[in-house]
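Trainee: These are the residues of each chain, in order.
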Amino acid sequence: MERMNGEPKALRNVLYWGLPVLAIGLIAIGWIAFSGSNPDLMPSPAAVWSRFIKTFTKPIAKTTLIGHAWASLKRVLLALMAAWAFGISFGILIGWNKKARAFFGSIFEVIRPIPPIAWIPIIIMWFGIGEFPKILLVFIGTFVPLVINTSTGIEMVDRINIQVGQIFGGNSSQILKDIVIPTALPSIFAGIRTSVSSGWTTVLAAEMLGANAGLGSLVTRGWQGSDLSLVMVAVITIAVIGALLSVILQKLEKVVCPWNH
Amino acid sequence: MSERQDLEARLQSWRQNQKKETMEYVLLSGAGILTVLLVWQAVVMTGMVNERVLPAPTTILETLIFKLGNKAPDGNVLSVNILASLQVALSGFLSAIVIGVPLGLVMGWWTYADRFIRPIFELVRPVPPIAWIPLVVVWMGVGLQAKALIIFFTAFVPCVINSYTGIKLTSKTLIDVSRTFGAPNYEIFRKVGVPSALPMVFAGIRVALGNSWSTLVAAEMLAASAGLGYMIQIGRTVARPDIVIVGMVVIGAIGAGLSLILSRAEKYFLRWKINR
Numbered sequence: 001m002e003r004m005n006g007e008p009k010a011l012r013n014v015l016y017w018g019l020p021v022l023a024i025g026l027i028a029i030g031w032i033a034f035s036g037s038n039p040d041l042m043p044s045p046a047a048v049w050s051r052f053i054k055t056f057t058k059p060i061a062k063t064t065l066i067g068h069a070w071a072s073l074k075r076v077l078l079a080l081m082a083a084w085a086f087g088i089s090f091g092i093l094i095g096w097n098k099k100a101r102a103f104f105g106s107i108f109e110v111i112r113p114i115p116p117i118a119w120i121p122i123i124i125m126w127f128g129i130g131e132f133p134k135i136l137l138v139f140i141g142t143f144v145p146l147v148i149n150t151s152t153g154i155e156m157v158d159r160i161n162i163q164v165g166q167i168f169g170g171n172s173s174q175i176l177k178d179i180v181i182p183t184a185l186p187s188i189f190a191g192i193r194t195s196v197s198s199g200w201t202t203v204l205a206a207e208m209l210g211a212n213a214g215l216g217s218l219v220t221r222g223w224q225g226s227d228l229s230l231v232m233v234a235v236i237t238i239a240v241i242g243a244l245l246s247v248i249l250q251k252l253e254k255v256v257c258p259w260n261h
Numbered sequence: 001m002s003e004r005q006d007l008e009a010r011l012q013s014w015r016q017n018q019k020k021e022t023m024e025y026v027l028l029s030g031a032g033i034l035t036v037l038l039v040w041q042a043v044v045m046t047g048m049v050n051e052r053v054l055p056a057p058t059t060i061l062e063t064l065i066f067k068l069g070n071k072a073p074d075g076n077v078l079s080v081n082i083l084a085s086l087q088v089a090l091s092g093f094l095s096a097i098v099i100g101v102p103l104g105l106v107m108g109w110w111t112y113a114d115r116f117i118r119p120i121f122e123l124v125r126p127v128p129p130i131a132w133i134p135l136v137v138v139w140m141g142v143g144l145q146a147k148a149l150i151i152f153f154t155a156f157v158p159c160v161i162n163s164y165t166g167i168k169l170t171s172k173t174l175i176d177v178s179r180t181f182g183a184p185n186y187e188i189f190r191k192v193g194v195p196s197a198l199p200m201v202f203a204g205i206r207v208a209l210g211n212s213w214s215t216l217v218a219a220e221m222l223a224a225s226a227g228l229g230y231m232i233q234i235g236r237t238v239a240r241p242d243i244v245i246v247g248m249v250v251i252g253a254i255g256a257g258l259s260l261i262l263s264r265a266e267k268y269f270l271r272w273k274i275n276r
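Protein sequences appear in the order of chains A and B. If you read the first sequence in the working numbering, its first letter stands for residue 1, the second for the next number, and so on. If you read the second sequence in the working numbering, its first letter stands for residue 1, the second for the next number, and so on.
Just so you know, these hints were derived from the structure itself, not from any lab. For every residue, glycine included, the Cβ atom is placed at its ideal position computed from N, Cα and C. Treat each hint with caution, since some may be false.
Here's a subset of chain B near chain A, in silico, CB distances under 7 angstroms, partners left out [as the list claims (entries may be wrong)]:
{"id": "1", "residue": "L28"}
{"id": "2", "residue": "S29"}
{"id": "3", "residue": "F66"}
{"id": "4", "residue": "G69"}
{"id": "5", "residue": "Q233"}
{"id": "6", "residue": "G255"}
Chain A residues, not near chain B, derived (Cβ > 10 angstroms throughout) [to be verified]:
{"id": "7", "residue": "A23"}
{"id": "8", "residue": "D178"}
{"id": "9", "residue": "E253"}
Given these sequences and hints, build the entire structure.
Mentor: And the structure:
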């Protein structure tokens, strides 16, 4: 990219390290100034911090912030495990077998464009607002990217690699296991990463539309009770956990498919 | 001569085989969808599943036609809901492209812009767009602007990330060649960097479109007085599963239609690209 010459080295260093600090500083000042003049619209950082502390001493809906975070995480993890098992196998099936792709792929293509959030009303009508409907919703939201990534990964395996396997006398299941799936692994892993972030978003939506526990329910509770500090605490917690999840997956990807980098 | 005839005969049989396989594929695809519809219709008609829980496909079709001209139960005919949703989704989505793509490109090219904007962006990025809904509603109410802002947040992030990554991946050789020929940095950015980032940019826009449409539904379910998300939410509260399913079908169809339009646009803008 652009070579950073033209300015003296000292100025370059100041700009390089000063600009990020300036950016964060501007955000902080902007937040404090805005909340100072409009406390009804935006709680100040201090108010958010004290609300954060209060979530531990005074439980909301019988549990602390950690309990709510765990409730959301548990739903996502349960749904993810089911989605990984079903989504990846279904993706392999429709990526590998042409007949299966024609028959099931068409059904999948019809259901796919419906966003997971649009399932919320019908699933509430069918199953209420208990634990199972939420897990089912997250399952729907995470199943789709997994199937798409897995089947594309399988379809894109080079024909030559498959033919080499055939020449060496491998049967269909050996070729699938030893050549096709390892080649498709980076793509499958991309699907897993997408599934985690989309699962985290979907659980939030499901909880905002009806739940007694979970970070999404805290957002709604704060919103309806005009307790914007609580909304901010929940939103920040959601963001931090989301960011942590994506960091963990990045590390995991390096372990699972090291040849990808 | 006979060798040529032999080749042509083989080409013919290969073509026929190809044709047969395509036919089979189309037939099987149709059979898949038809089977689902028939099983669905059968379980409802035999009473295995209550009509109040899952209406039959024929009922869904009737409701769809009914909704074209009737305002019940949510207060708007279908076309008004569709227009309301499209207006919100597209205004948020398009403004995200107009702001997000140039921002990502500039961040990827000029280091100082990257150093300044990146920290702000990284703070906003991990917040799922749905979590913005309460704050935005408190700030701006439930009007078009508020919902468009929420859509903007969701479409903005992939636009920036992909433009940034795309321009960072510009071939070093191309940049060096341009520099050797004496092109100023801005010109290299415009004539080399931006075109080579375009495929990635389009991938980002594609993700942004999917996000926009799905967040739109959430925004309308939580705060709206018209739109497809509002329609399915009302359908739930008045216990009309047929309305809910009609809404889902229309949402899915429009989503698919939008992504088709985007594919066409992508093909048009990347027509210079040689596929190797």
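Trainee: Tell me if F66 of chain B is really an interface residue toward chain A, meaning its C-beta lies closer than 7 angstroms to one of theirs.
Mentor: It is violated, given that the least Cβ distance between F66 of chain B and chain A is near 18 angstroms, above 7 angstroms.
Trainee: Verify that the Cβ of D178 of chain A lies farther than 10 angstroms from every Cβ atom of chain B, and report whether the claim holds or is violated.
Mentor: It holds; D178 of chain A is separated from chain B by about 27 angstroms at its closest Cβ, greater than 10 angstroms.
Trainee: A closest beta-carbon separation below 7 angstroms is what the hint needs, so does G69 of chain B meet it against chain A?
Mentor: violated (23 angstroms)
Trainee: Verify that the Cβ of A23 of chain A lies farther than 10 angstroms from every Cβ atom of chain B, and report whether the claim holds or is violated.
Mentor: violated (5 angstroms)
Trainee: Measuring from the C-beta of S29 of chain B to each C-beta in chain A, is the shortest one below 7 angstroms?
Mentor: holds (4 angstroms)
Trainee: Measuring Cβ to Cβ, find out whether E253 of chain A lies farther than 10 angstroms from everything in chain B.
Mentor: E253 of chain A is indeed farther than 10 angstroms from all Cβ atoms of chain B, at 16 angstroms.
Trainee: Given a cut of 7 angstroms on the nearest C-beta pair, is the interface hint for L28 of chain B held or broken against chain A?
Mentor: Interface hint status for L28 of chain B: holds (3 angstroms vs cutoff 7 angstroms).
Trainee: Would the hint on Q233 of chain B stand, with a C-beta cut-off of 7 angstroms toward chain A?
Mentor: The hint holds - Q233 of chain B has a Cβ within 7 angstroms of chain A, the shortest such distance being about 6 angstroms.
Trainee: Can G255 of chain B be said to touch chain A, with a Cβ gap under 7 angstroms?
Mentor: This interface hint holds because 4 angstroms falls under the 7 angstroms limit.
The structure is inconsistent with the numbered hints 3, 4, 7, although it conforms to all the rest.
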